[in-house]
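Q: Residue strings, one per chain:
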Amino acid sequence: MGSFIANRVMQTVVAVFGISVIVFVITNMIGDPVNVLLPPETPREQRELYREQMGFNRPLVVQYWDFLSDAVVGDFGTSFRAERPAMTIVWERMPATLLLTLSGTILATVIAIPMGIISSYKRYSIWDNLSTLFVVAGQAMPIFWLGLMLIIVFGVNLKWLPPSGYGEFGIDRLKHMVLPTVVLGVFLAPVTERLVRSGMLDALTQDYIRTARAKGLRERVVLTRHALRNTMIPVITVLGLQFGQLLGGAVITETVFAWPGVGLLAIESIRNADFPVTQAAVVSLAIIIGLVNLGVDLIVGVLDPRIRR
Amino acid sequence: MNDKIYANWERFYKEGRIDRRTLMKAAMVWAAGVGAMGALAACGDDDDDDDTPATSTGGGGSQTETPAAEAPTEASDEGEAEATSSGDSGSGGEGGTLRVILDQSDLPTMDPHMHNLRTGIIAFYHIFDNLGVRNAETNMIEPWLAESWENIEPTVWELKLRQGIKFHNGDDFTAATVKFNWDRVTNPEQASQQIGNHAAIAGVEIVDDYTVHVTTKEPYPIFTERLQNFQMISEKVAEANDDAWLAENPIGTGPYKFVEWKKGQELVLTRNDDYWNPDVEIAYKDLILRTVPGVPTQLAELLAGTADIVRVVPFDQMQAVDNSGVASTKTQSILRVGFTRLDAMGRTGPNPFQDVRVRHAANHACDIQGYIDALQPGGDRTPALVNPKHFGFDPTIEPHEYNPDLARQLLEEAGYPDGIDVTWVRGPSSMPNQDQVDQAMQRDLEAVGIRCTFETLSDGNVFTTRHNEGQAGPMHSYNWGSYSVFDADGILWDMLHSNEIFTYYNNAELDELLEQGRGSLDPEERKQIYSKAQRIVRDEAPMIFMWGFHAVWGVSNNVEWSPRPDEIDMYFTARPKA
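Protein chains in written order, with this note's numbering: chain A, 1 to 309; chain X, 1 to 578.
Think of the hints as simulated: they come from the structure by calculation, not from any bench. For each residue, glycine too, the CB sits at the ideal point set by N, CA and C. Some clues are possibly wrong.
Label pairs and their in silico Cβ distance ranges [as the list claims (entries may be wrong)]: (1) A:A15 / X:D273: 55 to 61 Å; (2) X:A240 / A:M94: 31 to 37 Å; (3) A:P95 / X:W245: 47 to 53 Å.
Below, in silico cross-link-like pairs of lysine-lysine (BS3-like), each with a Cα-Cα straight-line distance of 27 Å or less [to be verified]: (4) X:K160 / X:K179; (5) A:K175 / X:K166; (6) A:K175 / X:K263; (7) A:K175 / A:K159; (8) X:K166 / A:K159; (9) X:K285 / X:K577; (10) X:K166 / X:K236; (11) A:K159 / X:K179; (12) X:K217 / X:K257; (13) A:K159 / X:K236; (14) A:K159 / X:K389; (15) X:K257 / X:K179; (16) X:K236 / X:K262; (17) A:K159 / X:K257; (18) X:K389 / X:K330; (19) X:K263 / X:K285; (20) X:K160 / X:K263; (21) X:K285 / X:K262.
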């Protein structure tokens, strides 16, 4: 188990390093940040002075080396605009993103697992057809469109929920969470539901299920303890991978719902040519995705002893 | 109004100026606008006929529940109050809360000297004060913290300051404050992004506690423009704290005091009950300036009654807002000028637009007034680039006539009987309906033989870099807000003086006139200089001349407020509708 963890941690570190290189190169390809940071009327000599103060005049290789040697210890430099450390700015926004991603994942799981079980157990029934309809609709709807429709119906017309924003801690926050959570849940649930359904269909025809039934176990126990447990192994792996997608989806959800998370911050920083913040945001998200997948591997290891060997 | 727009599109299609796909797209956008409005209105039950003109679009009626529309402010408080983060919405015994959606991205700092954003300037007009402020009627700069000013020598301006003004922490506003602020922004070590605005300032000298002499490097006719959009911070606070502290703790003399900055969400301000200016009656006790990234979400907030003012309403959504019964649009002509630049200088390499006849042909090919009527919320023709709002605008200059035959003839004379093929570089734009305008223009140009291929860059920084480095094709879309300087110099110099990094044009005669305009302090003489300059620009046509923009705000029907031509929104002038 120890070497398994060490191996996976090493893989995560290499992946994050690779991502840091890519994000550095891409941000520097966008263009000269001085064009965006200074007013166009700024005289040439002051542009040059500013460039020198900010260190933009150094060769790109030197800039990369400085970036890398600081980044290793978690220092992504100071935001070009906000005069504060880029990492601090990113981590101020991280709780909002994690809150939304987690609530979305939980909602998706809560929808997908029972739905998958029912539609496999009652195959071709009205429930199975309804869940297929939900899956197709959920996959076909663009996130931003669903978000806007929910805002129009529940925020503007019915006035049940606030159209957007983060709200104050407490009930207000929960109210603000409902619509974006539903959007993320609907985005993630279909894939999970399909996996549960096909996994269950497969499991229910296995010998051990027949044995369990023959032993006289109650049907609920057969379904949950025997069939579902084996089905969950691929489901959890995919949930881990989907968590990354959900963080990506959060960029769109956060934009539609004015949710002050890292996705929104990343978009803003790209628009504002604030390279340190973009870099810190991307690398932070990469680390979180890496950690989640590491966690998933460990859970799967617990569920399925064969993988550990 | 949207019907008319659609009819115009249809006409464009019939005349072959847009293709079928564009028409379909336009129809979809139009239908989506009407449909969304229908959906928005679907839940309204009371039928209050508002005064918006009826339409035949069948969009499900034009009413939303609006018992509050004409009622006193308190009326807006039902149901939605709990939906807002601020708690009380647009009402309350002490004047209530005004909720404004300021922008799509958050402000980077609370330090008024360390940004170059219009939204920053707007926010800080509320916490801080400026030495001068523009009169929205006359467009002239009038005294604010400065009581008066006088040009005592060609390069020396004497400012008399208002007395008895205190910062929110009790510090006095004096001549030392003014000197400190100018020294700070012009100090290269400070690396203020506003340093370029004050490049002409040589130094500030304190004469007495309430008088300063400001020296400029050369005679500087637009000096008073520098008194606005330049906010005064307390020198004592700045000396006692570092920049990182100032970036989070704004202390000014302005009509509102800072309460809290929830990053990525909102800036919360509360009324300064001891505000020095008796002419400013601040009706709302609290002011919340929110960040909402998506324009559709901003509109939803406005229509849900959870926001009182939004700064951008897309043209195709104006009808939805006006018919909502909850809010209305306000259109205001602004200083920003749009144009399609032609590389007359050959900065991007040899190209057909180096021949003035081809540039005139391009101008005659485009039905500018047609685009304004069909695709813009208004627009002021700019026959020689200068906006009618700029000081020095010459109204006697005639715009290019829409005349495709003349255009073809000019092209032939220039030696292109078979027409030309050029690349048209486009970046993200602040112009309403930019895509539709560009497509209509592309068709019109093609009709006379100027075949343009779009190269569209979705990233603003990539476009700006290419533009500034002289690589934006022989042709590109551009617009210029003159940095809110209401003077012909603010656009002619930056866009056409051969020394500027933005220019794709080189004319020694024009350069000399622009330098004379900058060096003269006599308004009459300057008018004549700029009139001459505009005639050169009109005759040389270094761009396809378009128009001065109109911008559209959305304002709750419970709030009385008007936008300004300089786009510096002053929310402290808002009041509940009686």
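Q: All hints, please: hold or fail.
A: A quick look at each hint next to the structure:
Between A15 of chain A and D273 of chain X the beta carbons are some 57 Å apart, a value that agrees with the proposed interval 55 to 61 Å. A C-beta distance of roughly 33 Å is found between A240 of chain X and M94 of chain A, which places it inside the suggested range of 31 to 37 Å. The beta-carbon spacing between P95 of chain A and W245 of chain X, approximately 24 Å, falls outside the hinted interval of 47 to 53 Å. For the suggested pair K160 of chain X and K179 of chain X, the alpha carbons sit about 13 Å apart, so the restraint of at most 27 Å is met.
Among the hinted pairs, K175 of chain A with K166 of chain X is inconsistent with the structure: their alpha-carbon atoms are about 42 Å apart, more than 27 Å. Between K175 of chain A and K263 of chain X, the direct Cα distance comes to roughly 20 Å. Compliance with the 27 Å bound is thereby established for this hinted pair. Taken as a hint, the K175 of chain A and K159 of chain A pair is honoured in the structure, with Cα atoms around 12 Å apart against an allowance of 27 Å. Of the supplied pair hints, the one linking K166 of chain X and K159 of chain A is violated, its CA atoms being roughly 43 Å apart against a limit of 27 Å.
The straight-line distance between the Cα atoms of K285 of chain X and K577 of chain X is roughly 15 Å, inside the 27 Å bound, and the hint therefore holds. A hinted pair counts as satisfied when its Cα atoms are at most 27 Å apart, and K166 of chain X with K236 of chain X qualifies at roughly 12 Å. This hinted pair does not check out: K159 of chain A and K179 of chain X have alpha carbons roughly 52 Å apart, beyond 27 Å. At most 27 Å may separate the alpha-carbon atoms for a hinted pair to count; K217 of chain X and K257 of chain X exceed this at roughly 36 Å.
With a CA separation close to 48 Å, the supplied pair K159 of chain A and K236 of chain X exceeds the 27 Å bound. With a C-alpha separation of about 42 Å, the suggested pair K159 of chain A and K389 of chain X falls outside the 27 Å cut-off, and the hint is violated. In summary, the hint linking K257 of chain X to K179 of chain X is supported, as the alpha carbons are separated by about 23 Å, within the 27 Å threshold. For a cut-off of 27 Å, the pair hint linking K236 of chain X to K262 of chain X stands: about 26 Å separates their Cα positions.
For a cut-off of 27 Å, the pair hint linking K159 of chain A to K257 of chain X is broken: about 31 Å separates their Cα positions. Between K389 of chain X and K330 of chain X the CA atoms are separated by roughly 19 Å; this keeps the pair inside 27 Å, and the hint holds. Between K263 of chain X and K285 of chain X the alpha-carbon distance is near 22 Å, which keeps this suggested pair within the 27 Å criterion. For the hint pairing K160 of chain X with K263 of chain X, the CA-to-CA distance comes to about 38 Å; that exceeds 27 Å, so the pair is violated.
Proximity of K285 of chain X to K262 of chain X is assessed by CA-CA distance (about 19 Å); at most 27 Å being required, the pair is judged to hold.
Hints 3, 5, 8, 11, 12, 13, 14, 17, 20 from the list above are not met by this structure, while the remaining hints are.
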